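Since each chain comes alone in its own frame, lean on the hints to assemble the complex.
Same order as they appear, the protein sequences are chains A and B.
Position one of the first sequence corresponds to residue 1 (this note's numbering), numbered consecutively onward.
Position one of the second sequence corresponds to residue 1 (this note's numbering), numbered consecutively onward.
Rather than coming from a laboratory, the hints here were simulated on the basis of the structure.
Treat each hint with caution, since some may be false.
What the hints assert, rightly or not - Sample of chain B residues lacking proximity to chain A, with all beta carbon distances greater than 12 angstroms (derived): (1) 42; (2) 44; (3) 64; (4) 80; (5) 126; (6) 138; (7) 188; (8) 213; (9) 216; (10) 228; (11) 230; (12) 234.
Claimed, not checked - Below 30 angstroms or equal to it, Euclidean Cα-Cα: the simulated DSSO-like pairs (lysine-lysine) are: (13) 117/B <-> 268/A; (14) 224/B <-> 33/B; (15) 224/B <-> 32/B; (16) 231/B <-> 33/B; (17) 33/B <-> 268/A; (18) 117/B <-> 224/B; (19) 228/B <-> 32/B; (20) 33/B <-> 117/B; (21) 268/A <-> 231/B.
Everything numeric in this text was worked out from a predicted model, so none of it was measured.
The C-beta atom is built at its ideal place from N, Cα and C for all residues, glycine as well.
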Amino acid sequence: MTIERRTVVRAVLVFVVAALAVTLFSAMTAQGATVSDSAVSSDISMTTTTVDIDPPDDAASEPAPTSYSGSNRFLQSIVNGLVFGLLLALASVGLSLIYGTTGLSNFAHGEQVSFGAVLTYFFATQQPVSLPMIPVSFVIGMPLVPAALLAIAVAGALGWVQDRYLWSRLRKRRVGLVQQMIVSIGLSLAILNFIQWWVGGRRLRLTPDIDPRYQLGPVYLGEQTLISTGIAIACLLGVGFFLTQTRRGRATRAVSDNPSLAAASGIKVDSIVRLVWVMAASLAAVGGILLALYENGTAFDAGARLLLLMFAAVTLGGLGHPFGALVGSMVIGLVTEVSTVWLAPDLKYAVALGILILVLLVRPQGILGRAERVG
Amino acid sequence: MTKDDVILRADNLIAGYLPGVNILNGCSMEVKKGELIGIIGPNGAGKSTFLKSLFGLVNIREGEVTLNGANITNLRADELVRHGIGFVPQTDNVFPSLTIEENLEMGAYQAHASFKKRLAVIGDLFPVLIDRRHQRAGSLSGGERQMVAMARALMMDPQVLLLDEPSAGLSPDRQDETFVRTRTINRTGVTVIMVEQNARRCLQICDRGYVLDQGTTAYTATGKELLKDPKVIELYLGTLGA
Numbered sequence: 001m002t003i004e005r006r007t008v009v010r011a012v013l014v015f016v017v018a019a020l021a022v023t024l025f026s027a028m029t030a031q032g033a034t035v036s037d038s039a040v041s042s043d044i045s046m047t048t049t050t051v052d053i054d055p056p057d058d059a060a061s062e063p064a065p066t067s068y069s070g071s072n073r074f075l076q077s078i079v080n081g082l083v084f085g086l087l088l089a090l091a092s093v094g095l096s097l098i099y100g101t102t103g104l105s106n107f108a109h110g111e112q113v114s115f116g117a118v119l120t121y122f123f124a125t126q127q128p129v130s131l132p133m134i135p136v137s138f139v140i141g142m143p144l145v146p147a148a149l150l151a152i153a154v155a156g157a158l159g160w161v162q163d164r165y166l167w168s169r170l171r172k173r174r175v176g177l178v179q180q181m182i183v184s185i186g187l188s189l190a191i192l193n194f195i196q197w198w199v200g201g202r203r204l205r206l207t208p209d210i211d212p213r214y215q216l217g218p219v220y221l222g223e224q225t226l227i228s229t230g231i232a233i234a235c236l237l238g239v240g241f242f243l244t245q246t247r248r249g250r251a252t253r254a255v256s257d258n259p260s261l262a263a264a265s266g267i268k269v270d271s272i273v274r275l276v277w278v279m280a281a282s283l284a285a286v287g288g289i290l291l292a293l294y295e296n297g298t299a300f301d302a303g304a305r306l307l308l309l310m311f312a313a314v315t316l317g318g319l320g321h322p323f324g325a326l327v328g329s330m331v332i333g334l335v336t337e338v339s340t341v342w343l344a345p346d347l348k349y350a351v352a353l354g355i356l357i358l359v360l361l362v363r364p365q366g367i368l369g370r371a372e373r374v375g
Numbered sequence: 001m002t003k004d005d006v007i008l009r010a011d012n013l014i015a016g017y018l019p020g021v022n023i024l025n026g027c028s029m030e031v032k033k034g035e036l037i038g039i040i041g042p043n044g045a046g047k048s049t050f051l052k053s054l055f056g057l058v059n060i061r062e063g064e065v066t067l068n069g070a071n072i073t074n075l076r077a078d079e080l081v082r083h084g085i086g087f088v089p090q091t092d093n094v095f096p097s098l099t100i101e102e103n104l105e106m107g108a109y110q111a112h113a114s115f116k117k118r119l120a121v122i123g124d125l126f127p128v129l130i131d132r133r134h135q136r137a138g139s140l141s142g143g144e145r146q147m148v149a150m151a152r153a154l155m156m157d158p159q160v161l162l163l164d165e166p167s168a169g170l171s172p173d174r175q176d177e178t179f180v181r182t183r184t185i186n187r188t189g190v191t192v193i194m195v196e197q198n199a200r201r202c203l204q205i206c207d208r209g210y211v212l213d214q215g216t217t218a219y220t221a222t223g224k225e226l227l228k229d230p231k232v233i234e235l236y237l238g239t240l241g242a
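Bound conformation, chain B alone (with noise of 0.2 angstroms):
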């Protein structure tokens, strides 16, 4: 992996929620330009206060997030936004009182002068939020939130989306779509770093993977080798679907 390649790097993070307790005990993560990266590790791992880390959603006490090598460690999250960072949380990610079009507007906040030019893109991928754009989000099931919640997050262009867990609470039909959602975005040129609790289809999926034990990074490998991996499938993965 060459300098240049890299688009996004966290090195050593120690990250908490309150004072004194830390989460993260030094993660690290060197991502490519256009890598689809998956994030697994038992729950309690630091998974998700990893991606929110990066996003400023939670103090970095220690360690650096670099983008294209600009720091951006504790950046606010507008200003990563402005930057070229999209978040999608798990819950709670859509406005529910505004509709799907006020939705995706929102996400365009920043450069609302081509809002039209991006909802076309966004049309061309999620047609059928076009269909139903004066609807409000309040009324959406789960799959299509979280359909709305990827859309507003693309529509600033990112160079980085962080998706926290997108396959949760959604039934297996669901969950495949929103992983073939993943990686078609993800050939758009989009870079994806997607925090999974569904490891093995995560890791079918995306080019590599980080396997996250106790606030630290255990291992990385691209996604199909530890999948074979005996040490993750007899701590993460189990036996059962292999």
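Chain A extracted, bound-state conformation (with noise of 0.2 angstroms):
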């Protein structure tokens, strides 16, 4: 009993933070849109040869038409929200990872999101690009995958300096848990102010290409969100391999299930830990990729957006689960785009925040999460 009220109070406490948290980042955002529209007056139209990599037109933005009605629009929406929980999970499943392990709600993942699909975008494009602080334009325009695929990387490696330059330090240094929260709360704004002052405010195109439609039965999948599907697929499956199947995958969850007891069995915690640091922002990054195919386009508040998301995954997975936050990503996938068959889409996310209430009161410890046995 006690460690459900527990759950309970810990899954309140970071949806009040991290509803806060979204807030800030909507109000921000939206000034921010305010001031990006008076320096590049064209860009939110996309329309004018400013940013040349927007989209052509509006419906290419979208990622599924949504002019469908009755029940071709009802199984449109189950799969179109099948296909963003998968997307999301790659982002949620990084999150839960390093809940698991170090206990710490991570308010900067949305940014490792942001981070892995601008700096794909930054590779990719063919327009000039510049780097922060030097005023030089150049062109890199590399071919999507091997793009994507460095920018991976180069996530995968900021996830390893954080940990080895701070979060390790600040564990080392016995910082609590609520500080090192703010602490991160402190790093999601300042990588989220970076990338805005870097690309900006506009929406940025991974590809300029069209992306075709195929008809599958009643319902509709472009080309990029079938392969990204794919991907999505092929890297859950990945890390539930590696969790199971593998001797460090195994000690990862013992790690997570107790990080002192793990240190007594002769495990090097502090390594596992940072392999994890390693694999949720790699996993973000890849995250952030598809999402932006699958949205024909990313800005630097993509994962700032989808946070509250995330950490709704996660709790309603079951906090600390990574294949609990699989399973919370697919219902909250398909809840709020499912919802908008009957409601507004302005509620889709409030829906799905009510889904995760409910579910709480019902099973406090989450979808896949344990009531362990004391005594």
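Structure follows, in structure tokens:
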């Protein structure tokens, strides 16, 4: 009973802070967009030559047609929900692994998602790009796949750097988890502002190609969506295989269960945590890239907008349970998309969070979280 | 006791959790190979802190711990496991989401090549664990968890096994089983250092005992001598069940 109450309190605390953070992000990005509008007046209209990488028309920026009716629309929204859930899971699994092994609710995880997508744009676009504080423009123009792989590698390296020079030092100095969470909020804002300063507030397309759509029975799917879904499933299966079938993966679960006991068993906890940070940052980058393909574009705040949904997925599935993050993401993805069949799209995130509250009331430990025997 | 016999020595340890607050105020101990040592004392005497400081879980501010003559003071827990020290905590002593077999595999994390061989050895000591190897450890009772915890610590074939109150929270018959099992493990050649609240039962099975009081080692003698010592009886054992 004690465990269940603690889980609920923790979940509510994480949500309140997450909601505040997302509100803050929204307020900031709205302000940023206004400034950006005046500086680059034609960015948002997406029609002029100022931002050539933007989609040629508004319809192309939507993941799927919205004019279906009846059962087709329902089936389409289910498919969209499953795809979105899979992509959300890629980002959420890392968040869950970090929470599981370190106890940290990492609010800067959303920026890892944005960073992966923006970095891919940086390497792949045919337009001149520049590095922050260096007034020289150049074109890299790599093909999309190598650009994405390079971006994932750089994002993974950033995860390593973060743990090596920030989080491991805070852990060593026994800084409390709440204080670490506040640090992560600060880091999140810093990275968010850095990315905005670097690439601006406009929408960025990773590839200028128009995504061809295929009709599969009553539903439509874009080619990029199909490929993204395939990659997401492969990545998630890979994570599952790692956690259950490899010795290091089982050690990761052991650290997640009890870090002191893991150390007492001879496991180098710091190495496992560092591996988790690299994995989480890489998976978030993959998620960011695939979401950018699915949504035909990304922006500096793409991850920040997803953060609350990621926390919802992780909490719904069971805090610190990586497979729970997958299940939670699928539920959140489905609920957000299917709810738009009957309700205004503006309410879709509210419905997902409502479902989260309902599930936690019935099952406080989350869908896959297990109540442990005491004594 | 010749110098060669000594496997572990703690010399005037001063240690604590919070800055400026010492729990141990000069604890010393000398353990011979193959001995079963019991550490007893009143609540707050620093028994568990002493054991944790030997295993690097509490920072030692002054003093020295040596294993076979090598200085192991303040080494990390995973390094101490490599040196041949096993530790079984009093609570939270299994990985609840892992199966029994996976728990044992984690115990042999640094010697994965010998996992199957050690599993067979552990299977002789704890046959019930092998029968239920696929059961999740989180679903086990307190006594069963204690068994898994001991088995996990033995997977690396340690020279010294540290047990923190192994009988805590168990029913009397399970406590008896735990003490018998501890003696059995000790007879296989493993040196055991055990902290216990059940002082009388602990002194009955141990070769030597240390009595801790206010963070210092107050007395040391054989278990039988301490059981008869009037001062120990008056202060720690009481007269009931004598």
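Here is how each hint holds up against the structure:
1. Against chain A, the non-interface label of residue 42/B holds: every CB pair exceeds 12 angstroms, the least being about 25 angstroms.
2. Its beta-carbon lying about 22 angstroms from the closest one in chain A, residue 44/B satisfies the requirement of being farther than 12 angstroms from that chain.
3. The non-interface label for residue 64/B is consistent with chain A: the shortest C-beta to C-beta separation is roughly 21 angstroms, beyond 12 angstroms.
4. Its beta-carbon lying about 9 angstroms from the closest one in chain A, residue 80/B breaks the requirement of being farther than 12 angstroms from that chain.
5. Distance check for residue 126/B against chain A: the nearest CB is about 17 angstroms away, which clears 12 angstroms, and the non-interface claim stands.
6. Look at residue 138/B: its CB is around 5 angstroms from the nearest CB on chain A, not clear of 12 angstroms, so calling it non-interface is violated.
7. Every C-beta of chain A lies more than 12 angstroms from that of residue 188/B, the closest at about 20 angstroms, which supports listing it as non-interface.
8. Consistency note on residue 213/B: stated as away from chain A, and its beta-carbon is indeed over 12 angstroms from all of that chain's, at 27 angstroms minimum.
9. Its beta-carbon lying about 26 angstroms from the closest one in chain A, residue 216/B satisfies the requirement of being farther than 12 angstroms from that chain.
10. The claim that residue 228/B lies off the interface holds: its Cβ sits roughly 35 angstroms from the closest Cβ of chain A, which is beyond the 12 angstroms cut-off.
11. Every C-beta of chain A lies more than 12 angstroms from that of residue 230/B, the closest at about 37 angstroms, which supports listing it as non-interface.
12. Here residue 234/B stays apart from chain A, with its beta-carbon at least about 33 angstroms from theirs, past the 12 angstroms limit.
13. For a cut-off of 30 angstroms, the pair hint linking residue 117/B to residue 268/A stands: about 23 angstroms separates their Cα positions.
14. As the CA atoms of residue 224/B and residue 33/B are separated by approximately 19 angstroms, the hinted pair is consistent with the 30 angstroms bound.
15. Between residue 224/B and residue 32/B the CA atoms are separated by roughly 18 angstroms; this keeps the pair inside 30 angstroms, and the hint holds.
16. Pair hint residue 231/B plus residue 33/B holds up; C-alpha atoms about 29 angstroms apart against a cutoff of 30 angstroms.
17. Note on residue 33/B and residue 268/A: the hinted pairing holds, with a Cα-Cα distance of about 28 angstroms set against a maximum of 30 angstroms.
18. At roughly 37 angstroms between alpha-carbon atoms, residue 117/B and residue 224/B are farther apart than 30 angstroms, so this suggested pair is violated.
19. Between the alpha carbons of residue 228/B and residue 32/B the distance comes to roughly 23 angstroms, so the proposed pair stays at or under 30 angstroms and holds.
20. Note on residue 33/B and residue 117/B: the hinted pairing holds, with a Cα-Cα distance of about 24 angstroms set against a maximum of 30 angstroms.
21. Straight-line distance between C-alpha atoms of residue 268/A and residue 231/B comes to about 45 angstroms, which puts the hinted pair past the 30 angstroms bound.
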